[in-house]
Amino acid sequence: MQVKEAPVFLVLVCGCIVVGLMTPYFFSVSNIFNVLRQISIYAILAVGEALIIITGEIDLSIGYMMGLCGVIAALCARANVPPILILLITVAFGACMSSISGVLITKFGINSFIATLGLQNICRGISLLLTGGISIMVKNPITVLGSGYFGPMPLCSVIMLLVIAVFAFFVKYTQLGRNIFAVGSNFNAARFSGVNSKAVKRAVFAISGALVGLSGVISYGTLKAADPTAGAGFELDAVAAVVIGGTSMAGGEGTIIGVLIGAAIMGVLKNAFVLLHISAYWQVVVLGIVIIAAVFIDSVKRLRADK
Amino acid sequence: MKELLMDVQNISKKFPGVQALKDVCFQVYGGEIHALVGENGAGKSTLMNILSGVYEQTEGKLIWNGKEVCFRDTREPKNLGIAMIHQELSLASHLSVMENIFMGRLPKKRNGLIDYAKLRADTAEVLKRVGLEEELASVRVDRLSVSRQQMVEIARALSLDARMIIMDEPSSSLTQNETQILLKLIRELRSQGVAIIYISHRMDEVFEIAERITVLRDGGVVGSYMAEDITVNEVLSQMVGREYKMEKLHNCNADYQAQPVLKVEHLTYKNVFRDITFSLYPAEVLVITGLVGAGRSELLETVFGYRHQESGTVYLDGRFVDNKTPGAMMREGLAIVPEGRKTNGIFPQLSVYDNMRISSLGRYKKAGILDNGAIRQEVDKQVDAMRIKTPSVLQKMKYLSGGNQQKVILGRCMMCAPKVLIMDEPTNGIDVGAKQEIYKIIDELSQNGMSIICISSELQEVLTIADRIIVMHEGSITGEMKNENVTQDMIMQYASNQMSNI
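Protein chains in written order, with the numbering used here: chain V, -6 to 300; chain C, -15 to 486.
Do not take every clue at face value.
In silico lysine-lysine, BS3-like type, Cα no more than 27 Å apart, as pairs [stated by the list, open to error]:
| id | chain 1 | residue 1 | chain 2 | residue 2 |
| --- | --- | --- | --- | --- |
| 1 | V | Lys191 | C | Lys308 |
| 2 | C | Lys350 | V | Lys165 |
| 3 | C | Lys(-2) | C | Lys62 |
| 4 | C | Lys(-14) | C | Lys168 |
| 5 | C | Lys419 | C | Lys6 |
| 6 | C | Lys403 | C | Lys350 |
| 7 | V | Lys191 | C | Lys254 |
| 8 | C | Lys365 | V | Lys165 |
| 9 | V | Lys191 | C | Lys326 |
| 10 | C | Lys382 | V | Lys191 |
| 11 | V | Lys165 | C | Lys6 |
| 12 | C | Lys365 | C | Lys380 |
| 13 | C | Lys403 | C | Lys365 |
| 14 | C | Lys382 | V | Lys(-3) |
| 15 | C | Lys254 | V | Lys100 |
| 16 | C | Lys380 | V | Lys191 |
| 17 | C | Lys168 | C | Lys247 |
| 18 | V | Lys(-3) | V | Lys165 |
| 19 | C | Lys419 | C | Lys403 |
| 20 | C | Lys365 | C | Lys382 |
| 21 | C | Lys373 | V | Lys(-3) |
| 22 | C | Lys365 | V | Lys191 |
| 23 | C | Lys424 | C | Lys365 |
| 24 | C | Lys424 | C | Lys382 |
| 25 | V | Lys294 | C | Lys326 |
| 26 | C | Lys112 | C | Lys168 |
| 27 | V | Lys294 | C | Lys168 |
| 28 | C | Lys466 | C | Lys247 |
Hint data in this document are derived by calculation from the structure and do not stem from the laboratory.
Generate coordinates for the entire structure from the input sequences, incorporating the hints supplied.
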């Protein structure tokens, strides 16, 4: 059971060694924490996305929704809402927004790709309407989540590792966690086994939304400002981390630790391009290749297994 | 004298582990309506799939028009003029009638664009042959009734100059009136010289139109008869085979004096079944049988909360229960081994362990956290009890054999400790050895006091495991009897609603 993440982990280790040999600065403590900080937001988003993908759906709205959640947090901060309430309000807001997708998909049978694509645009529009397109700069103690440190470690990375730990436990040791895999593996069989398949999907969207809210607060905290276009394209980074981490787009399979490793591989890659002074445009190309390679390996394995 | 069109000589077909057909011979003449009958699993579909090029035979020869032919794909028979109309229609439902009829061979103009004028004219011509109005040519297929869609399929076959049309249960989704229209069309086609192979369970139709009847049983031809030389009862006896009663597996443990464990009253669901009332007694094995499409699965799925009845009520231990969802019914003490292991039963990518524990997770929670140790013990216990052969409980489900998968699903139900166990075709597609084991498990469970409802189409199986038998025909119960001195053709007559002919 534990070996599942081994191949991707090996890829990560090899990648680190290669980059480390090319530029020794890579292994410095400050750089490693730098990478950890950079991957924090989309690793958290990717955990929610992974749960959704495991149930056999997809969520494209999380990027702009995170931007909107950041805006909500900043607006609350401007209204002098107590910091802890800001966090709660934003997390609840995210959960409600994502639940819209959950309901559209399960109650009305709308394809998740389309439903969440629509919601993505709605979120972007609302962010722009609320801010007039201009970042909201406002100081508040809650921004510590995005810019604070826990000892030498960025606080957002600590939060990310906590989220990973909590959800790694969640999928293994709770009934809902196991039901997520059952629903993704065979929707009908899950129903015949007494699982309320649709409710499981709705729950997963709500959980993912809550994580989007948390990411929104962190994102606002990083710059102490809420940019309405923050999070553009993050949904694709999240999907990439999920897929590289070994979660199957067909549903029913995947691990949370794999998500962390997938996000780390992407983080190392992005970091390497910066350290090696290679054009950022190449970075985008290579990232695309890595994503395709990850899925390619997965489907080759699948084809072999089916023969 | 009619010419010999298709001569099937000593055809055999082997699948891994199964001899689907052995040494089948039969002849089809031009302009003949030839009915092919047999129980589910007798080999009719395999034979038709060979004639239409889906499978290649393992042994034997096909002679078409005096020449030996060998079908490696489905195009070859089509080119020769053999068309197959499947039970499930194969039309593209959001394309128009004419596009469906000429799919893949739309007439083109010289510049490569589609010649709609010719398409419309050609379509009008074939539509006339099947008795449809030519205005239908540009109507979307999903706007037509099922019977008209079927006519479109037949029109497509005719447009290919079909000389032999194979129809697999063509009337199964038609009303009485629509069936009459279909039969009229079939006679019409015969007069045009087209040969029809008509596969059906419905004896009244078979005897109404067929000139010749061939009976299949267990993959072999039992006999080929002119329709006027044989009676319905003789055909039914031929279908089920030897007139002996199989040894019952166990003595009846049921307590018919006690209050029923499960009672279903006046249950109705859409057009699938109507006003169904029955009871299940403690420790009873009740078998519901009938032909495919009689509404048996839908009935039990409704009781289980998977579907929602329009009217009717379900009682457990004399108490009304709201059968709203499968989850709710499982909490009330029901469990189901559903029909269709692959589509409704297994979680292929998940482990045996995950597959087995999924229904009973709620029983092993401490403060919301699963006690995986305790679950694992129970899973191991069920793997032993069901004699499941797997290298490890962590093996992925998809790598197990059908029989072992079925036992895992049974184990899943057992982990919920149900009061009533529903099994829908539990031995479908599994080998004989595993079948015997499942019978044995059913027997053991009933001896331990479990009440079981089982759906089965296999008459041998029905007589082997049942304490009591309910027979359904087209959504209604047509027969109910204790399993004492019941014969296979008695059941067959109830199942095809032919009691009047006795």
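Now for the hints, and whether the structure bears them out:
1. In summary, the hint linking Lys191 (chain V) to Lys308 (chain C) is supported, as the alpha carbons are separated by about 14 Å, within the 27 Å threshold.
2. With a C-alpha separation of about 14 Å, the suggested pairing of Lys350 (chain C) with Lys165 (chain V) holds against the 27 Å cut-off.
3. With a CA separation close to 24 Å, the supplied pair Lys(-2) (chain C) and Lys62 (chain C) stays within the 27 Å bound.
4. Restraint check for Lys(-14) (chain C) and Lys168 (chain C): satisfied, since their Cα atoms lie roughly 21 Å apart, inside the 27 Å limit.
5. At roughly 22 Å between alpha-carbon atoms, Lys419 (chain C) and Lys6 (chain C) fall within 27 Å of each other, so this suggested pair holds.
6. With a C-alpha separation of about 24 Å, the suggested pair Lys403 (chain C) and Lys350 (chain C) falls inside the 27 Å cut-off, and the hint holds.
7. For the suggested pair Lys191 (chain V) and Lys254 (chain C), the alpha carbons sit about 23 Å apart, so the restraint of at most 27 Å is met.
8. Proximity of Lys365 (chain C) to Lys165 (chain V) is assessed by CA-CA distance (about 21 Å); at most 27 Å being required, the pair is judged to hold.
9. Under the criterion of a C-alpha separation no larger than 27 Å, the hint pairing Lys191 (chain V) with Lys326 (chain C) is consistent with the structure, at around 20 Å.
10. A C-alpha spacing of about 24 Å is found between Lys382 (chain C) and Lys191 (chain V), which places the hinted pair at or below 27 Å, so the restraint holds.
11. A distance of roughly 51 Å separates the Cα atoms of Lys165 (chain V) and Lys6 (chain C); the hinted pair therefore is violated under the 27 Å criterion.
12. With a C-alpha separation of about 18 Å, the suggested pair Lys365 (chain C) and Lys380 (chain C) falls inside the 27 Å cut-off, and the hint holds.
13. Proposed proximity of Lys403 (chain C) and Lys365 (chain C) is supported: the alpha carbons are some 19 Å apart, at most 27 Å.
14. The hinted pair formed by Lys382 (chain C) and Lys(-3) (chain V) meets the criterion: a straight-line CA distance of about 17 Å does not exceed 27 Å.
15. With a CA separation close to 21 Å, the supplied pair Lys254 (chain C) and Lys100 (chain V) stays within the 27 Å bound.
16. Restraint check for Lys380 (chain C) and Lys191 (chain V): satisfied, since their Cα atoms lie roughly 25 Å apart, inside the 27 Å limit.
17. Using a Cα cut-off of 27 Å, the hinted pair Lys168 (chain C) and Lys247 (chain C) is violated, with the two alpha carbons roughly 44 Å apart.
18. With a C-alpha separation of about 14 Å, the suggested pairing of Lys(-3) (chain V) with Lys165 (chain V) holds against the 27 Å cut-off.
19. Taking the CA atoms of Lys419 (chain C) and Lys403 (chain C), the gap is about 23 Å. The hint holds against a cut of 27 Å.
20. Among the hinted pairs, Lys365 (chain C) with Lys382 (chain C) is consistent with the structure: their alpha-carbon atoms are about 21 Å apart, no more than 27 Å.
21. A threshold of 27 Å between alpha carbons decides the hint, and for Lys373 (chain C) with Lys(-3) (chain V) the separation of about 24 Å falls inside it, so the pair holds.
22. The straight-line distance between the Cα atoms of Lys365 (chain C) and Lys191 (chain V) is roughly 31 Å, outside the 27 Å bound, and the hint therefore fails.
23. Straight-line distance between C-alpha atoms of Lys424 (chain C) and Lys365 (chain C) comes to about 17 Å, which keeps the hinted pair within the 27 Å bound.
24. Taken as a hint, the Lys424 (chain C) and Lys382 (chain C) pair is honoured in the structure, with Cα atoms around 24 Å apart against an allowance of 27 Å.
25. Taken as a hint, the Lys294 (chain V) and Lys326 (chain C) pair is honoured in the structure, with Cα atoms around 21 Å apart against an allowance of 27 Å.
26. Of the supplied pair hints, the one linking Lys112 (chain C) and Lys168 (chain C) holds, its CA atoms being roughly 14 Å apart against a limit of 27 Å.
27. Proximity of Lys294 (chain V) to Lys168 (chain C) is assessed by CA-CA distance (about 54 Å); at most 27 Å being required, the pair is judged violated.
28. Restraint check: the Cα-Cα separation between Lys466 (chain C) and Lys247 (chain C) comes to about 17 Å, which is no more than 27 Å; the hinted pair holds.
Checked against the numbered hints above, the structure violates hints 11, 17, 22 and 27; every other hint is satisfied.
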